[in-house]
Amino acid sequence: MRSPLETFVERAAGEVNTPKTRAVDAGARLLTVKRLQSMTEYPEMDSMRDRAREIRLHTLAHLDTYLEQFADSVGAVGGRVFFAGDAAEANQYIRQVAEDVSAQLIVKSKSMVTEEIELNSSIEADGRSVVETDLGEFIIQLSEDRPSHIVAPVLHKTRQEIGALFERELGVAYTEDPVELNQIARGHLRSLFLRADMGISGVNFGVASTGSICLVTNEGNGRLVTTAPRVHVAVMGMERVVPTPGDLGVMLEVLARSATGQRLTAYTNIVTGPRRKDDPDGPEELHVVILDNGRPDVLGSSTAEILACIRCGACLNVCPVYREVGGHAYGDVYSGPIGAVLSPSLFGLAGREQLPYASTLCGACVDVCPVRIEIPDLLVALRERAANESEAFGWLGPAMSAYEFAATRPRAWRAGLSTGSLLGRAVRGGWVGRLPGPGSAWTSSRDFPAPADQSFHAWWRRNHGT
Amino acid sequence: MKVQLFVTCLVDAFAPDAGRAVVHLLEDHGLTVEFPFDQTCCGQPAFNVGHRDEARAMAAHTVKVLDETEGSIIIPSGSCAVMMIEHYGDLLSDQPELVAAGERVAGRVREFTQFLVDDLGLDGLDRVSSESVVFHPSCHGLRGLGLDGYGERVLDASGIERCELGGADECCGFGGLFSVEMPEVSTAIMNTKLDNIEASGARTLAGYDLSCLMHLAGGLRRRGSPMQVSHIAELIVADRDGDRVP
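Sequence lines, in order, name chains A and B. Just so you know, the numbering used here puts 87 at position 87 of the first sequence, and the rest follows in order with no gaps. Just so you know, the numbering used here puts 167 at position 167 of the second sequence, and the rest follows in order with no gaps.
Just chain A, with the same shape it has in the complex:
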C-alpha cells in the first residue's frame, strides 16, 4: 500500500504540521526520554554496545557459515528451514504450508519482515483469514493503515482515533482509555488464538549454535502465536542470526533499553524446535523461512553495515526529520534514518532517490544506535550512488560543478566574492526576501542575508596584504 505521491519531498510536505505527525513527534520524544532514563541505571550500556556491535559485524562477516549452522541446528531440533530468494518465494512457501495443513484462520505476531514481503495480502488471496495480534498491528489491520514506526506501528494515531475505530469496527462502546482499549482487543483476539490453525511470527534473533529463535514482545501475543496453533511459521531476515546464546544475551541487553527504555521486554520467547514427544503442548510443526530478498547484494555494497541493525527504532525516535514527517513519508515499511538507508539498499534507488537526502546528517542517530551504525556515512554513500546513477535533485550536479570550478581557482573565487559584495551593496537592509531558482526554497520560510560589503579576503588584503 504505497502512497500515490511519488517522492519523499511531496509526501513529507503533506505530513508536516498535521495532528498525525504531532502525535508522532510526541510519541518519539517520549520513547527518547524513556531510553535516556534506562541508561542512567545501566552504566555498562556503552561497553555493551561495543560488544553488540562486534557480535553483529563478526556475524555479518561470516554470515554464510552461521546461516548454515543455524539451518542445521533448526533441523536437528525438528524444525524445517526454507531459504527464500525473494518475497515471492517466501510467500509461495508459506501459502503452501497453509494449504498443506488446511489452515483457515492464521494468527500473526508483529513482524516487519512479513510487512516487507506483503505476506498478508498474499495469504488472503487464497481465501484464508490472517489476523494481526499485536495491539498496534491489530489497529493497523483494522484501519487498513500502514505501520509508521518499526517498533510502535501506531505512533501516528491518537487514543481518540483508536477509540472511534474500535467503536466502528468492533461494535463496542467508545472509550479512549488505553487499558480498556487493550482489554477490548484482548477479548476479541483470545478466541481467535484458540481457533487458529497456524501462527506466523517474525524472528528477532536466530541462534546458530542451538537453532533457537528469539522473539521479544510486550503483550504475550507472540507466545500464543508460537504455541497455540498446530503449525508455527517463523519468518526471518537472513541477517538476524547470532552465533551463540551468550551473544543473544548481549543483544537482549541493548535491544529493549534502546527501543522502549525497558530492561527487557515483558516477554522474551526462546523457541527451540516444535513440540517434542513428551511436551504437553506446542506446535506440531515449526517452519523457519529465511529471507534473502536482496540482502547479499547489500552485504557486498558500501552500505553493508546497515545489516547490523537490530530494529530497535531508537534512531527514528531521535531523528529530527522523522519526528516532523512520520514513518509514512518514507514510502516503504522501513522508515526513519534506518529506513532511509535500508530501503534504497534493499529495494533499489529507483523511485527512492530522495530518501538518502532525508537527513540533516545531525548524527543524533549514531549517538543512540545500540550497535553504533554510522548512519550519516551510509547516507552519504547512498547519495554518492544517487549522484552517479540518477540525481535526486536536478540542479545539484550543475551547481556542484560550478562551485568546484571556482573553489579550485583562487582568483575565480575572489572574483566571485567581489561580485557578491557588489550585489550585496545593492540590497537594501541587508536581507533578501525572495530568491529565484533553488534559492526560492530557502526564501519560502527564511530571509537570505546579502553578502557583506567587504569579504574577509578583501579586508585581509586591505589590512595585511596577500
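Hints listed in this document are in silico derivations from the structure and should not be mistaken for laboratory results. Misleading hints may appear alongside valid ones.
Claimed, not checked - FRET-style restraints, in silico, Cβ to Cβ:
1. B:GLU198 with A:ASN388: 51 to 61 Å
2. A:ARG428 with B:GLU131: 49 to 59 Å
3. A:GLY282 with B:ASP94: 30 to 40 Å
4. A:ALA402 with B:GLU164: 40 to 50 Å
5. A:ASP281 with B:GLY89: 43 to 53 Å
6. A:ILE270 with B:GLU164: 19 to 29 Å
7. A:GLU118 with B:ASP118: 46 to 56 Å
8. B:GLY149 with A:THR40: 13 to 23 Å
9. A:GLY429 with B:ARG127: 41 to 51 Å
10. B:GLU164 with A:SER47: 26 to 36 Å
11. A:ARG29 with B:SER132: 20 to 30 Å
12. A:GLY249 with B:ARG127: 20 to 30 Å
As the list claims (entries may be wrong) - Computed from the model, here is a short list of chain A residues facing chain B with C-beta under 10 Å:
13. ASP297
14. ASP367
15. HIS457
16. TRP459
Said to hold, decoys possible - Stretch by stretch, here's where chain A covers chain B in the computed footprint (C-beta under 8 Å, at least three residues):
17. 9-23
18. 133-147
19. 180-191
Just so you know, these numbers come straight off a predicted model, no measurement behind them. All C-beta atoms, glycine included, are put in the ideal place defined by N, C-alpha and C.
Guided by the hints, dock chain B onto chain A, whose structure is given.
For chain B alone, kept in the frame of chain A given last:
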C-alpha cells in the same frame, strides 16, 4: 607562535566580522595570525550531497594551500573542522601524494572555541554585549568534535549573561543543502528550534557555525523577531578601528 586562519566560505562572504573577531582574539593572545590567501571552501557542501569528485578536488586544493603553512589551523566552524578531520583521509586516499599531507592538515585543525578552551585558556575575553545571549551548539561540533559545553563556557568566561536553551542538542534543521532540497521539513525542524530559542528569553542568539546561524537568523527575521544573531567570536572580541569599510 604562528597560527593559520581557515575562515570558511560562509564567513568569508557573509560574515567577515566573525573572521576579524577571531583574528583580533588570536593576536591579543600574542599569536601571529596568517591567512593563506588562496584558500576557498573545504568541500563540505559537495561531499554532503554525494558529489565526491567535486569534494575531492576542493579537499585537494585546501590541503595543498594549508600544508605549506605551519601552526594550528583555526576554523570558526564545527562542521568544516569535522569535514577536514573525519573525511579528508578517506577522500584523498586515491591520491597517494596527498594522503600524508591530508593527515598532517587534519591533525592541525582546531575549531575556534575548541582552540580557545583547550589551548589558549579563557582569560582576557571582552564582553561586547550587555544583552543576554542564548547559545546553539551545532550538531557537527557537538557530536563530531565533542564540543559539549564549550561555547557556553566561553560565553560564561566573558561575563555575558547567558540563558539556557531547551532542546539544545537537537538539530536546527539546516543540514546544508538539505535546507533547500527539503524546505518544508527543514522549516518544520527550524520552527521547533526557534520556539526554544525565543522561549529562552535571550536578546541575542550565538553559535559557532555560521551555516546554522544564517538559517536561524533568516527564520527569526521572517518571524519578525528583533533578536540579534552573532558568531560567538563577535561577542567576546570588540571591533577595532579599521574593521569597517570606510
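For this session: Starting from the hint 40 to 50 Å, judge whether the C-beta atoms of ALA402 of chain A and GLU164 of chain B obey it.
Result: holds (42 Å)
For this session: Test coverage of the stretch 9-23 of chain B by chain A using CB-CB distances below 8 Å; three residues minimum.
Result: holds (count 10)
Problem set entry | Hint status (Cβ of ASP297 of chain A to nearest Cβ of chain B, threshold 10 Å) | Violated, because the Cβ-Cβ distance from ASP297 of chain A to chain B comes to roughly 20 Å (cut-off 10 Å).
Exercise. So the hint says 20 to 30 Å: do the beta-carbon atoms of ARG29 of chain A and SER132 of chain B match that?
Worked result: At roughly 27 Å between Cβ atoms, SER132 of chain B and ARG29 of chain A fall inside 20 to 30 Å, so the hint holds.
Exercise. Between GLU118 of chain A and ASP118 of chain B, does the C-beta distance stay in 46 to 56 Å?
Worked result: holds (54 Å)
Problem set entry | Distance restraint evaluation - GLY249 of chain A, ARG127 of chain B, Cβ atoms, bounds 20 to 30 Å | violated (55 Å)
Exercise. Do the Cβ positions of GLY282 of chain A and ASP94 of chain B conform to the proposed distance bound of 30 to 40 Å?
Worked result: violated (57 Å)
Problem set entry | TRP459 of chain A as chain B interface residue, shortest Cβ-Cβ below 10 Å | With a closest approach of 6 Å, the TRP459 of chain A hint holds.
Problem set entry | Distance restraint hint 49 to 59 Å, applied to the beta-carbon atoms of ARG428 of chain A and GLU131 of chain B | Violated, at about 26 Å.
For this session: Kindly confirm whether 41 to 51 Å is satisfied by the beta carbon distance between GLY429 of chain A and ARG127 of chain B.
Result: Once the Cβ atoms are compared, 28 Å apart, the range 41 to 51 Å for ARG127 of chain B and GLY429 of chain A is violated.
For this session: Using Cβ atoms only, decide whether HIS457 of chain A comes closer than 10 Å to chain B, and label the hint accordingly.
Result: holds (6 Å)
For this session: Could you tell me whether the CB distance from ASP281 of chain A to GLY89 of chain B stays inside 43 to 53 Å?
Result: violated (59 Å)
Of the numbered hints listed earlier, those contradicted by the structure are 1, 2, 3, 5, 6, 9, 12 and 13.
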